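Please model the complete structure; the sequences and the hints are all you need to start from.
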Amino acid sequence: MIASLLMECAASNRLTFDVNRWRGEFPYLDVQVGGRAVIYLDNGASTQKPRAVIERMAELAAHEYANVHRGIHELSNRATAAYEAARLRSADFLHAPGPDSIIFTRGTTEAINLVVNTWGEMHVGAGDTILLTEMEHHSNLIPWQQLAKRKGARVKYVPVLPDGVGLDLDEAAKLIRERPKVFGFPHISNTLAVTNPVASFCAMARDAGVVTLVDAAQSVAHIPVDVQELGCDFLACSAHKMCGPTGIGLLYGRAELLESMPPWQFGGEMVDRVDFTTAHFRPPPARFEAGTPAIIEAAGLHAALDFVSEVGLDAIRDHAESLAVRAAAGLRELPGVRVFGPLEHRAHLVTFTIEGLHAHDIVFFCNDRGIALRAGHHCAQPLMRKLGAPASTRASFHLYNNDSEVEALIAAVRDAIQFFQS
Amino acid sequence: MKSDELYQEVLLQHSRHPRNYGPLEHPTHRAEGYNALCGDEVTVEAVVTDGVVAAIQFQASACAICTASASIMTCEAANLAEPDVAALAHSFRRLATDGEADLSTEVRPALDVMGTIHRFPQRVKCATLPWETLTAALRNGRLRE
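For the protein sequence lines, the chains are A and B, in the order given. If you read the first sequence in the working numbering, its first letter stands for residue 2, the second for the next number, and so on. If you read the second sequence in the working numbering, its first letter stands for residue -14, the second for the next number, and so on.
The hints are simulated quantities; they were obtained by calculation from the structure and are not laboratory data. Computed from a predicted model, the values in this text were never measured in an experiment. Accuracy of the hints is not assured; some may be wrong.
[What the hints assert, rightly or not] Some chain B residues flagged as far from chain A (calculated, every beta-carbon gap over 12 Å):
id, residue
1, 16
2, 32
3, 36
4, 40
5, 67
6, 68
7, 69
8, 121
9, 128
[Unchecked claim] Distance windows between CB atoms, simulated:
id, chain 1, residue 1, chain 2, residue 2, range
10, A, 330, B, 106, 33 to 39 Å
11, B, 82, A, 420, 25 to 31 Å
12, B, -10, A, 123, 54 to 60 Å
13, B, 128, A, 151, 33 to 39 Å
14, B, 82, A, 278, 53 to 59 Å
Ideal placement from N, C-alpha and C gives every residue a C-beta, glycine not left out.
This is the structure we're talking about:
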């Protein structure tokens, strides 16, 4: 009964979501591949940019541009205002307590490396445990792996259940109770479409005195994210995966932690007083932003956050998830197809293999029809080996994809199976 | 450029029914090759006797292009002296990357099936990976007696 009510709610949400209105905002849809309109289903790797983002970046570059935080002159004032407004907007978007808990980085990877090389360097020592999950993207695995090697610490992993339907939650609870120094995990798996129970993980970790880092690359701008509600210590994300530009991302950090952390890159912007023997570092966030930052990109990020907020994060989630569920159902009906991830509550993507048919051939074949997919290990090699699929194919959706694109995907994969296996 | 220009029948035959597939009983050389772009994995084993590559076999978890290229390679490079295998690998690389046959070493007709691959830059590595792996096996992959 409840399930059917929920289904009805979801259906009515979908009816009110006017995908064509939003598609009109994306110039990439004018691109043709092999004489057909491009069907972009590689959003897990990076999302396309709406006109508002492209135009805002051009506008800043044209009329508001100079270096930031150095300005007595008008253009620097404008650029600084735009840059700090982007920080304020980002804090607001993530429901952070204030702008000082938002650090601009190059992206999710750099945000995680920042935490590892500052907080991790200070707090992780010989014999300590770093807890991650088996569904980690390389960017939240290798930095910790390298830190563990340097420090003589060890890395443990919360196991993934068969077929990648989710994490082993009992095992997660047990491993958290063993009091590792830190627990890092993805909000949404970029490969399995699993949404992890972030708030419950963070509550358990807090009780055990474990610091948490959430890799939110696949969740921010796909679903509503509220760092205070989640209760995480750190959260990392990338603008380019939320309809914003490349070259900029965010690290949210709890204020007490950020204040206790040393800088990791040194140079201009991050110091107060310098003489020939010492330097005095500024408080966060400036302490962690050495050198000239990505100013134009910050304005683009601001515009992207405004844009996805206007579309509505609940609406984006419902729309992209329903496309992924339809794609998963359609692909499962094809011969030899194995779909990874949860049967219910699938996030915005679907990863699959076809018996006897390699991912590279599928993706190449689909490209003839203008369909952009991802082939390979999705930067999660240990996970894919464990699942027995060193290479797989991924289709990932966002607010501008529609039902007919899902149908085109299923038809193309059906034809690929016929072409290669007849 | 459409993919059916690339996936010719000969190539599909080799990928569906690869020749010389599986481990060798007593290999003298072995190497593993990996393409991080798409996850192709190839293992090449060889028996070298008196400077001649007497047998080559391969195993792969790889795409059709890579599997077919490996299959054709095991046929074409077998029973050649080591320097001749190296020369053939070199001319194959030129064929795959530039579409040019090396005049100094005749490219064998069976390799012509790969003549269009240079027009698909994202697939060149698929075709060359088995040859790179064979070259690595012969150069650095000697197994202990």
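Here is how each hint holds up against the structure:
Residue-level check passed: residue 16 of chain B sits 17 Å from the nearest beta carbon of chain A, beyond 12 Å. At roughly 27 Å, the least C-beta separation between residue 32 of chain B and chain A is larger than 12 Å, which holds for a residue marked as non-interface. The beta carbon of residue 36 of chain B is kept farther than 12 Å from every beta carbon of chain A, the shortest such distance being approximately 35 Å. With a least CB separation of 26 Å from chain A, residue 40 of chain B remains clear of the 12 Å interface cut-off, as annotated.
Residue 67 of chain B, annotated as away from the interface, keeps every beta carbon of chain A farther than 12 Å; the closest lies near 31 Å. No Cβ of chain A approaches the Cβ of residue 68 of chain B within 12 Å, the least distance being about 32 Å, so the stated non-interface status holds. For residue 69 of chain B, the condition that its CB be more than 12 Å from all CB atoms of chain A holds, with the nearest at approximately 30 Å. Distance check on residue 121 of chain B: its Cβ is at least 19 Å (rounded) from any Cβ of chain A, clearing the 12 Å threshold; non-interface status holds.
With a least CB separation of 24 Å from chain A, residue 128 of chain B remains clear of the 12 Å interface cut-off, as annotated. For the hinted restraint 33 to 39 Å between residue 330 of chain A and residue 106 of chain B, the CB-CB distance of approximately 35 Å keeps it satisfied. Between residue 82 of chain B and residue 420 of chain A the C-beta distance comes to about 26 Å, which sits within the given range of 25 to 31 Å. Taking the beta carbon of each, residue -10 of chain B and residue 123 of chain A are about 57 Å apart, inside 54 to 60 Å as hinted.
Taken as a hint, the range 33 to 39 Å holds for the pair residue 128 of chain B and residue 151 of chain A, whose Cβ atoms sit roughly 34 Å apart. The beta-carbon spacing between residue 82 of chain B and residue 278 of chain A, approximately 55 Å, falls within the hinted interval of 53 to 59 Å.
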